[in-house]
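*Asks:* So the chains spell out like this:
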Amino acid sequence: MLIKRTERQARRGMLAAALGTQSAGSIDRRTFLRRSGLAAGGLAAVGALPLTSVRKADAAGSAPGAGATIRKNICTHCSVGCTLIAEVSNGVWVGQEPGWDSPINRGSHCAKGAATRELVHGDRRLKYPMKLVNGQWTRISWDVAINEIGDKMMAIRAKSGADSVYWLGSAKFTNEGAYLNRKFAAFWGTNNSDHQARICHSTTVAGVANTWGYGAMTNSYTDIRNSKTIMIMGGNPAEAHPVSLQHVLEGKQSQRANMIVIDPRMTRTAAHATEYVRLRSGTDIPVIYGMLWHIFKNGGEDKQFIEQRVYGMDDIRKEVEKWTPEEVERVTGVPGAQLERVAKMFATEKPSTLIWCMGVTQHTVGTANVRALCILLLATGNVGAPGTGANIFRGHTNVQGATDLGLDIATLPLYYGLAEPAWRHWSRVWEVPYDWFVSRFDKITAADGKESNTMQVPGIPSTRWFDATLSEQKDVSQKDNIKAMMVFGHGGNTVTRMPKAQEGVEKLELLVVADPHPTTWAALAPARKDNTYLLPIATSYETAGSRTASNRAIQWGEQIVKPIFESKDDNEVMYLLAKKLGFADTMFKNIKVENNVPSPEDILRESNRGGWSTGYCGQSPERLKTHMANQKDFDMLTQKAASGPNTGDYYGLPWPCWGTPEYKHPGTPLLYNTNLSVKEGGGTFRARFGVEREETLADGSKRKVSLLGNGYYSKDSEIKDGYPEFTLGVLKKLGWDKDLTEAEMAVINKINPTTPDAVSWAIDLSGGIQRVAIEHGCVPYGNGKARANAFGLPDAIPTHREPIYTPRPELVAKYPTLPNRREFRMPNVGFDVQKAAAEKGVAKQFPLILTSGRLVEYEGGGEETRSNKWLAELQQDMFIEINPGDASERGIKDGQWVWVTGAEHQSKARMKALVTERVGKGVTWCPFHFAGWFQGVDQRGNYPKGADPIVLGESVNTLTTYGFDPVTGMQEPKATLCQVRAA
Amino acid sequence: MAGLFANARFIVAALALALIVGVAAPAGAQQRNSDNSVNPTASAVKEDQLLNALKSGPGGGDSISGRVSIPDQKSGNLIQPAGQAWRAFHEGALHWLAAIAILGMLAVLVVFYLMRGMVKLENGRSGRSIVRFNAFERGVHWMTAGCFIVLAITGLNISFGKSLLLPLFGADAFAAWSQWGKYAHNYLSFPFTLGVVLMLLMWVANNIPNGVDIAWIKRGGGIVGNDHPPAYKFNAGQKVIYWIVVLGGGCVATTGYFLMFPFYGTDIAGMQLAQVIHATVAVLFIAAMIAHIYIGSIGMDGFSRSRPAAA
Amino acid sequence: MARMKFLCDADRCIECNACVTACKNEHEVPWGINRRRVVTINDGKPGERSVSMACMHCTDAPCAAVCPVNCFYTTADAVVLHSKDLCIGCGYCFYACPFGAPQYPKVGNFGSRGKMDKCTFCAGGPEADHSKEEYEKYGSNRLAEGKLPLCAEMCSTKSLLAGDGDIIAQIYKERVVRRGYGSGAWGWKTAYKESIAT
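Chains as they are written, first to last, in numbering that gives the first Met the number 0: chain D, 0 to 982; chain V, 0 to 310; chain F, 0 to 197.
Note that these hints are calculated values from the structure, not bench results.
These numbers come from a predicted model, not from an experiment.
Positions of the beta carbon are idealized from the N, C-alpha and C atoms, including for glycine.
Any given hint could be a false lead.
Subject to a maximum C-alpha distance of 25 Å in a straight line, what follows is the list of computed PhoX-like cross-link-like pairs (lysine-lysine) [stated by the list, open to error]:
no.: 1; chain 1: V; residue 1: LYS73; chain 2: F; residue 2: LYS188
no.: 2; chain 1: F; residue 1: LYS172; chain 2: F; residue 2: LYS188
no.: 3; chain 1: D; residue 1: LYS130; chain 2: D; residue 2: LYS158
no.: 4; chain 1: F; residue 1: LYS44; chain 2: V; residue 2: LYS73
no.: 5; chain 1: V; residue 1: LYS54; chain 2: F; residue 2: LYS44
no.: 6; chain 1: V; residue 1: LYS45; chain 2: V; residue 2: LYS73
no.: 7; chain 1: F; residue 1: LYS83; chain 2: V; residue 2: LYS73
no.: 8; chain 1: D; residue 1: LYS868; chain 2: F; residue 2: LYS172
no.: 9; chain 1: F; residue 1: LYS83; chain 2: F; residue 2: LYS44
no.: 10; chain 1: D; residue 1: LYS317; chain 2: D; residue 2: LYS343
no.: 11; chain 1: V; residue 1: LYS45; chain 2: F; residue 2: LYS192
no.: 12; chain 1: D; residue 1: LYS624; chain 2: D; residue 2: LYS663
no.: 13; chain 1: D; residue 1: LYS868; chain 2: F; residue 2: LYS188
no.: 14; chain 1: F; residue 1: LYS44; chain 2: V; residue 2: LYS45
no.: 15; chain 1: V; residue 1: LYS54; chain 2: F; residue 2: LYS83
no.: 16; chain 1: D; residue 1: LYS834; chain 2: D; residue 2: LYS813
no.: 17; chain 1: D; residue 1: LYS151; chain 2: D; residue 2: LYS591
no.: 18; chain 1: V; residue 1: LYS73; chain 2: F; residue 2: LYS172
no.: 19; chain 1: F; residue 1: LYS131; chain 2: F; residue 2: LYS114
no.: 20; chain 1: D; residue 1: LYS892; chain 2: V; residue 2: LYS73
no.: 21; chain 1: F; residue 1: LYS105; chain 2: D; residue 2: LYS868
no.: 22; chain 1: F; residue 1: LYS192; chain 2: D; residue 2: LYS920
no.: 23; chain 1: D; residue 1: LYS624; chain 2: D; residue 2: LYS349
no.: 24; chain 1: D; residue 1: LYS731; chain 2: D; residue 2: LYS701
no.: 25; chain 1: D; residue 1: LYS473; chain 2: D; residue 2: LYS506
no.: 26; chain 1: F; residue 1: LYS131; chain 2: V; residue 2: LYS73
no.: 27; chain 1: F; residue 1: LYS105; chain 2: D; residue 2: LYS892
no.: 28; chain 1: D; residue 1: LYS449; chain 2: D; residue 2: LYS473
no.: 29; chain 1: F; residue 1: LYS172; chain 2: V; residue 2: LYS161
no.: 30; chain 1: D; residue 1: LYS839; chain 2: D; residue 2: LYS892
no.: 31; chain 1: V; residue 1: LYS45; chain 2: F; residue 2: LYS172
no.: 32; chain 1: D; residue 1: LYS126; chain 2: D; residue 2: LYS868
no.: 33; chain 1: V; residue 1: LYS54; chain 2: F; residue 2: LYS192
no.: 34; chain 1: F; residue 1: LYS44; chain 2: V; residue 2: LYS161
no.: 35; chain 1: D; residue 1: LYS588; chain 2: D; residue 2: LYS714
no.: 36; chain 1: D; residue 1: LYS591; chain 2: D; residue 2: LYS579
Short derived list, chain F residues pointing at chain V, Cβ under 8 Å [unchecked claim]:
no.: 37; residue: ASP10
no.: 38; residue: TRP30
no.: 39; residue: TYR72
no.: 40; residue: ILE87
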């Protein structure tokens, strides 16, 4: 019954090696305790206990011969960054062992991490390139595939322009893959380049970056152990980031920390909370303001912190005054006394940290939600120190990295934006003339008749690709509609409004899915008969390269095994496509390519050369590899190496890691930490929003207010106050320009020969400006204030707005969504939709709130994990959680089949009912990982034979509805309406 | 004898449980804050609490159970102390019961035989034999009887083989024998059950107890006194055997099938109960059949010639 | 010798099922057989706790007591193992086991039981350590390699502890003292007739 893998035999040979100097078959105390899960700190307590002895290995039984090779990579299923230890024998991955040395996961995994091996050797993978020929999947060669795809792309380009081809990338790319994909889009000539971050944390990135400078987790997973109050809002890390709970629960244990969970659903995380707050979906801002109301009223805010480091808190106070406890309870349903207690806890039992996930971000008010959370942290002075901060848990191995490296419609790699200086910067890095890029983009005529091109115009978000396919051409502000989707590692069921997606897939002129699995894209629309290609891509485990975890630490993963079957990795496929399209030589001019495979090390070195803005410049492949090889030297709590070749470095050189690799900056474990000098990883809030702002007062008079830090600075700073970002000009004013070397000056002069003074720290390719600023104890990006008032955003002061489909239509008049507007080349008619829904009484027809979330066994669209037999066995049916009260009203029993109907498109989905008190009355919840059934139809036959996932089910996004965040185009899958009836 | 008590309690609890539908959820004492909100950590269920709730009787449920995501819902049983009671029955009470019933019956028969010897026909043979049972009926009887003997031996082997035979056979040979025994037990259950059903249909009319049986019983079936007690086709003694076979056989068959097809229409508690009934009834059944065999063979003259002469 | 035990600290268990898939991965356990599983008590209610459960390797193991063919044996580390060569698939161990540990592959159309399979504490079976036969029947033998069961080694929150009973009891005790609460060493009373005083 147990299947023998003959290779298993060989791995036994590693026994001797693994035990090293220890006597065979026994383990020493340290190993034992570690394996027992005891923290090093507890060693002393059990000192008196007898040593464990373990059964002696039977020497005769151990297979001699070749030992298995150990290779390290990073689990791809969330952003914690767990080290995977793979045992490889004869090119086959034969076993997984705990990675004890990792200072992040310390050997631990969740269900997915512990089942990773099956993903590589699983038999449900796409094995060779295929295309649809009159509705039949047909095997083709790579050559044919690349040629046909290239020809069709060129034909579409000729007819409809470069912007008609959409590049949907992946958070499972390595950093190198992500960077190449964005670079590819630039070379192709479009900003329609996006990835999963759009639908998970785009609003976080926008909200956080617009508050204090950078769009990332400020602290780290392990730092949560330092917190005294841990507040988790709109997140269920017990299922989405299980290993993070190790640190949360350790913190709860060792600090006796408060653990507050605010969620519409009593999750597995909430079960371990000391305080569970149930709110109505989509009312995060009122809850936060409800807390701030008490905090301001009782003087619980950190006045000094606000005075020195925050701009615009008084504007927040005004808004908060409206949110009296009565109004908060009326809108959110949270008991006033509980919220008061929670507010007090958060403001007084410090350090406090705030953890959030997609329950906060996936809303039409996502960015404003995030901003409100940041404001709570700022008001209580909980940013920039151990145990504090915005601990944003992201969803894939490299969703942080892919975001950083610019898989985004609104920026080039590393947040340079799309304006001309950004393009010129990357042109210099890529050593390609700026004008060549100009020539690649479509020409457009603006409303005022001015000729321009789309080079500086943000693209279409992935949430709306099908709107851009299906809309009338005049509604899409580019040369033509989206005609081709180039999908690299992105599910087809992760975007809301799937009935429209199905129509969109049908209408595309070209669909290319480059993925280890066929994915929902291949199966969703059976009406599609031709012009569809499936390219088998290696999993991340078959690719070497770097990955950025949520805490900004970058880890180098080795290729565990060669790509199996006919798979190729993303980098190779992009190279082949570039070759076909004729720009490979230019695009890869500084990257070594062997057998069509670009060197990941060279790609990283290239991005290092351009990554000054985010401190992605110091993490050379050599440094990262040394970190991986010496994980044991790093302390788990501080992430700092106390010995070994990386002494003084923080694990994974969390960005910003300033200067060139040779400058040996240790990385920044905590953003904005003024207790460390910049050289040691310290910093201040970023002076990103100018040096001053003109405010109009009530009487109409104007005044200028400084946006720079007020009397605060990071340790060892020679400037004891706020300061702007560094340019050569600033250095000159300070007289520090003399510290620049001749070589550095030469580079600076070459960048801007006419006005070298304007060359800033971010575009200085020599790294000299950064180096000099840091040597004087200053942060290259300046020392500014964080913005409580984020002027320039649609809701500069976060404002509560009811969900488009709200169960409380009577609140719409007071808290309407934003007016209709155009954004990202498309119209957003959310206001009309909300108004119509309220007027038509949709909430009566669909009385239940529908919200969605993650299961521990699956990830994302789930095609990969539902194809893994070890995981698929654990969740075999799509289900909807429904409260016992709602279930009995409808005569629904636990485990019974039900029809769920959605508020748009007359959508319906058949799934099982899970009757549980996890959800409150009037609320339902669905996991979002299922696909392969569509409105009651089993689509298994639409997959290529043998590549269908083991488990199929209805997608919750068949039922989800319209609504987009104004800043990022984020969709709204967390607060909509549905009805449930027995099937 | 402690085992017997434990066993009795087990059976009572199991029976009571079988009647109770639904699982009584262990109601954790939820610690509520002053504002009626809950502290999940403080109100966490504790194992002690739940175990105590189980002890308080069948109302507390038969196991500590919860939700699992896999389809195998029986895996939701986390801790089922009833297994311990079942073990006590199987390794304790059952041994006593079997010893008393089977060895007791053998002892009684030996004593009886020594006292009375073979009961002779009063007037010797008439030289004429009457066809009481046709070939089909005889076939059914012997099919059932043959199956019964194999089922009895293999059944006893499952419960007592490890004490009696394992030391003689050795582990491997005993396991092989037991494996074949299990197959035989499972497969022969079908013809056995068929036989019992046929017997029920063929002979039920002649086995309805009536007044004559009372007289027969009063005279102890002839043991008391020296005359021949009255009877129709089946005397009261035969009727008793008949009903033991039909009811006992029906009972072991039903419970046996519950055990053979695990979790079809029952759960772990039901299967434990089924096994208890199966083993108890089987042991008594075997004892009764030993008596039946005794009477039909050395206990009563004429057995060997009760067949009709070859036609 | 050490007395090997499992301990699931339910105040840390988050039902992540790593233990379940780690077991599948290490031993190539087929679909439908769950040597380890996670049960959530009071699901969705305040007071909810999840417990990872497998064979607890009981002291005076009920499975061994009721086995008609005596196929169970206890190793020097107090790990309860069995011989699939001797097992006849009767199901008695399942009736007796307090933890629902024994699993039976379904053979035939009516779900008849094949040879019993259960958690081995990653200690293989009666065959020679690391032999092909041992791996095929019972999975890998980590204990003989000086490693502990992979389920516990990979546990996401270090909730599931495996190892010398005294040491893991000490770890648990320390945790309870440190954090001030504990829902109990689930199954210890039943399996080992002892509780951890805290």
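*Asks:* All the hints need checking, so say for each whether the structure fits it.
*Replies:* So, going through the hints one by one against the coordinates:
1. LYS73/V - LYS188/F: holds, 22 Å
2. LYS172/F - LYS188/F: holds, 15 Å
3. LYS130/D - LYS158/D: holds, 23 Å
4. LYS44/F - LYS73/V: Judged against 25 Å, a Cα distance of about 21 Å means the pair holds.
5. LYS54/V - LYS44/F: Given that 25 Å is the threshold and the Cα spacing comes to 23 Å, the pair holds.
6. LYS45/V - LYS73/V: holds, 22 Å
7. LYS83/F - LYS73/V: holds, 23 Å
8. LYS868/D - LYS172/F: Roughly 37 Å separates the two Cα atoms, so the pair is violated.
9. LYS83/F - LYS44/F: Distance of about 41 Å is beyond 25 Å: violated.
10. LYS317/D - LYS343/D: Judged against 25 Å, a Cα distance of about 20 Å means the pair holds.
11. LYS45/V - LYS192/F: Given pair LYS45/V, LYS192/F holds - Cα atoms ~17 Å apart, limit 25 Å.
12. LYS624/D - LYS663/D: holds, 14 Å
13. LYS868/D - LYS188/F: violated, 35 Å
14. LYS44/F - LYS45/V: holds, 14 Å
15. LYS54/V - LYS83/F: violated, 35 Å
16. LYS834/D - LYS813/D: holds, 12 Å
17. LYS151/D - LYS591/D: violated, 28 Å
18. LYS73/V - LYS172/F: Measuring from Cα to Cα gives roughly 31 Å; hence the hint is violated.
19. LYS131/F - LYS114/F: Distance of about 18 Å is within 25 Å: holds.
20. LYS892/D - LYS73/V: holds, 18 Å
21. LYS105/F - LYS868/D: Roughly 18 Å separates the two Cα atoms, so the pair holds.
22. LYS192/F - LYS920/D: With Cα atoms ~42 Å apart, LYS192/F and LYS920/D exceed 25 Å; violated.
23. LYS624/D - LYS349/D: Roughly 37 Å separates the two Cα atoms, so the pair is violated.
24. LYS731/D - LYS701/D: violated, 32 Å
25. LYS473/D - LYS506/D: OK: LYS473/D and LYS506/D at ~17 Å, within 25 Å.
26. LYS131/F - LYS73/V: This hinted pair is violated, its Cα atoms lying about 32 Å apart.
27. LYS105/F - LYS892/D: violated, 28 Å
28. LYS449/D - LYS473/D: Roughly 17 Å separates the two Cα atoms, so the pair holds.
29. LYS172/F - LYS161/V: Violated - the C-alpha atoms of LYS161/V and LYS172/F are around 41 Å apart, more than 25 Å.
30. LYS839/D - LYS892/D: At roughly 31 Å apart (the allowed maximum being 25 Å), LYS892/D and LYS839/D break the hint.
31. LYS45/V - LYS172/F: holds, 15 Å
32. LYS126/D - LYS868/D: holds, 17 Å
33. LYS54/V - LYS192/F: Since the Cα atoms of LYS54/V and LYS192/F sit roughly 16 Å apart, the hinted pair holds (cutoff 25 Å).
34. LYS44/F - LYS161/V: Violated, at roughly 47 Å.
35. LYS588/D - LYS714/D: violated, 42 Å
36. LYS591/D - LYS579/D: Satisfied, since the Cα-Cα distance of roughly 18 Å is no more than 25 Å.
37. ASP10: holds, 7 Å
38. TRP30: It is violated, given that the least Cβ distance between TRP30/F and chain V is near 10 Å, above 8 Å.
39. TYR72: violated, 10 Å
40. ILE87: holds, 5 Å
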